[in-house]
Amino acid sequence: MTGRSSAKKPNSRPPIAVLVMALIAVAVLALPLVGLLQRTPWSSLGTTLGETATLEALRVSVVVSLVAAGVSVVLGLPLAWVLARLEFRGRALVRAVVLLPMVLPPVVGGIALFFALGRRGLIGRALHNWFEIDTLIGTTAGAVIAAAFVSMPFFVITAEAGLRQLDPRLESAASTLGAGRWTVLRRITLPLMAPSLAAGATLAWARALGEFGATITFAGNHPGRTRTLPLAIAQANEAGQPEAAIAMSVLLIGVSLLILIGLRHRWIAPRQTRPPSSQETSPS
Amino acid sequence: MSIQADIHAAAGDFTIRAAFDSPTGSCTAIVGPNGAGKTTLVHALAGLVPLRQGKVVLAGQVVDEPAQRIRVPPDRRPIALHSQHNLLFPHLSVVDNVAFGPRCSGLGTRLARQRAEEWLNKVGLADLADMRPAELSGGQAQRAGLARAAACEPAVLLLDESLASLDAETRTGVRHLLADIDATRVLITHDPVETRVLADQLLVIEEGQVVQSGTPEEVTADPRTPWTAGLLDVNLLTGHATGTQVALDCGLALTTATPMTGPVLVTFSPAAVTLSTAQPHTSARNTWEAEVARIQPENDRVRVLLEWPLPCHVWITPQALGDLGLTAGSRCWAALKATELTVRDA
Chain V
1 MTGRSSAKKP NSRPPIAVLV MALIAVAVLA LPLVGLLQRT PWSSLGTTLG
51 ETATLEALRV SVVVSLVAAG VSVVLGLPLA WVLARLEFRG RALVRAVVLL
101 PMVLPPVVGG IALFFALGRR GLIGRALHNW FEIDTLIGTT AGAVIAAAFV
151 SMPFFVITAE AGLRQLDPRL ESAASTLGAG RWTVLRRITL PLMAPSLAAG
201 ATLAWARALG EFGATITFAG NHPGRTRTLP LAIAQANEAG QPEAAIAMSV
251 LLIGVSLLIL IGLRHRWIAP RQTRPPSSQE TSPS
Chain W
1 MSIQADIHAA AGDFTIRAAF DSPTGSCTAI VGPNGAGKTT LVHALAGLVP
51 LRQGKVVLAG QVVDEPAQRI RVPPDRRPIA LHSQHNLLFP HLSVVDNVAF
101 GPRCSGLGTR LARQRAEEWL NKVGLADLAD MRPAELSGGQ AQRAGLARAA
151 ACEPAVLLLD ESLASLDAET RTGVRHLLAD IDATRVLITH DPVETRVLAD
201 QLLVIEEGQV VQSGTPEEVT ADPRTPWTAG LLDVNLLTGH ATGTQVALDC
251 GLALTTATPM TGPVLVTFSP AAVTLSTAQP HTSARNTWEA EVARIQPEND
301 RVRVLLEWPL PCHVWITPQA LGDLGLTAGS RCWAALKATE LTVRDA
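So the protein lines, in turn, are chains V and W. So in our numbering, spot 166 of the first sequence is number 166, and the numbers just go up one at a time. So in our numbering, spot 149 of the second sequence is number 149, and the numbers just go up one at a time.
Excised from the complex, chain V in its bound form (with noise of 0.2 Å):
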């Protein structure tokens, strides 16, 4: 059966403009990619990625992207559910004020960060009063808090997204049949949840990785605590090493792509998780 009689595909011939419009944007998005793969040292790949420096990045990057993704998820999913769940004046404000790191340029994020959180900052002299904290700045941790400032919110909108998906009415279902809140929470609400949690989670995970300006600007670049891979890549190509550079660019590209197309369905196309409710009578 050709494309143009199938009754499935009705438009499976668009005009011609389309496909070369849409050929230009693959073209723009990928052409970089394979400017930087045809440069590439593919042979010395494993010996430069392999050099101390940029193991200690790559670890460095591991931890902090991972606790920070530890930290969105416990405390964004309370804070999806808050949103989803309750009704309360400025809800829309407090919604786009969690949003604000997705759309905000990363490098002010670091600078609201230091002037919240350094020596002087409102929280930082409250730390160091209260607990001799002296500063976050150069820590692992301020690289952690760095991470999760601009991760949380992919885990938060993906999250409130499930919860909204969730037909409440099964919540109220297990409470009927003698389920209290935990069992209502770890049984039904979190189960059906966890296609949501997973892609959230995993997403927060991928911005943290590649997070660049708000970590250099607030926790600094110091070698084996907040060097992470980008900024290793960013101080490598500066300091004129641009085969090391390329090589843990190619690594990042590699572990990125394998995220996205691993959430392919989770994220571009989700998949229902609402009971199938209406059932419709049927003559069984």
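Honestly, the hints are just simulated from the structure, not real lab data. Please read these numbers as outputs of a predicted model, since none were measured by experiment. A hint or two may mislead.
Said to hold, decoys possible - Non-contacting residues of chain V with respect to chain W, defined by C-beta distances greater than 10 Å in every case (computed):
| # | residue |
| --- | --- |
| 1 | V34 |
| 2 | P105 |
| 3 | G118 |
| 4 | H128 |
| 5 | E238 |
Said to hold, decoys possible - Pairs of lysine to any residue, SDA-like flavour, derived with a Cα cap of 25 Å:
| # | chain 1 | residue 1 | chain 2 | residue 2 |
| --- | --- | --- | --- | --- |
| 6 | W | K337 | W | E207 |
| 7 | W | K55 | V | G180 |
| 8 | W | K55 | V | R181 |
| 9 | W | K337 | W | L237 |
Where is the CB? At the ideal position from N, CA and C, for every residue including glycine.
For chain V, the structure is supplied; the task is to place chain W on it using the hints.
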């Protein structure tokens, strides 16, 4: 477990006010037009909808009383609810859905599963235990939902149109199941037969108010509103069928067009009966001499209640009433065609 309910609740801009008592082990049927507030009432009993005023007492224990700031949450009330939407958990298999209630009551995994399988067996779904809810038909999902509520073995079982999407055959089985459950039952229904067979008392709700209550017989004999009269506008008798002959429990025998065996329910429309003063010579297979118990004019027609030997009500025109000269206590002949009778398994 008895129910004493005085419910004043609101859902959205809609309010419902209803008071009733249900003795332990009884079945209360709630009927009413769509949007009358039946589901809100049942949800208020379950604790899903807060009371504005009033009180709900289950087995002498107050579970809801806003004036005293008492509100026991749904999971700690001795109730289980089966909603008309079934609301099966899509991520659990059918048997795990049914085992959910028993698990919540503290039963171990194995015992809970065992009980779930028993109930699935009772509703005829034993073969589908490992299916996902999405794979069930509407009728199967309804039976699974019912099994899930019943498997809690609650003291009070709330049933919101639990038989609505079942076919006639399954319906009879499930109706028997509901009749045999020990729990105090509150049942929302649109089916006059279900009402008469299952219910000990009937509550008619219209626009958020109880417009009538009583035994199904009382309400059927004297419906107070047009809607009630319309719903219950059917004569229902029980008997034992042998082929096309049904020996009614009241003593009379009727000829039907559908051969059946065993206990049956016979229904016919009050408009299907013709009355005459002398024994009619007619094609109608069923004729009997009857005594008029009561005559009630209703708008442009007259309801004639016959009590002996076969309790039923009959619609005739005011002109016919005048021609026949019927009064309470007078005798007349009734005729009913075999093809006007609907017979089904009891």
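Are there hints from earlier that the structure breaks, and if so, what are their numbers?
-> Of the numbered hints, just 6 does not hold.
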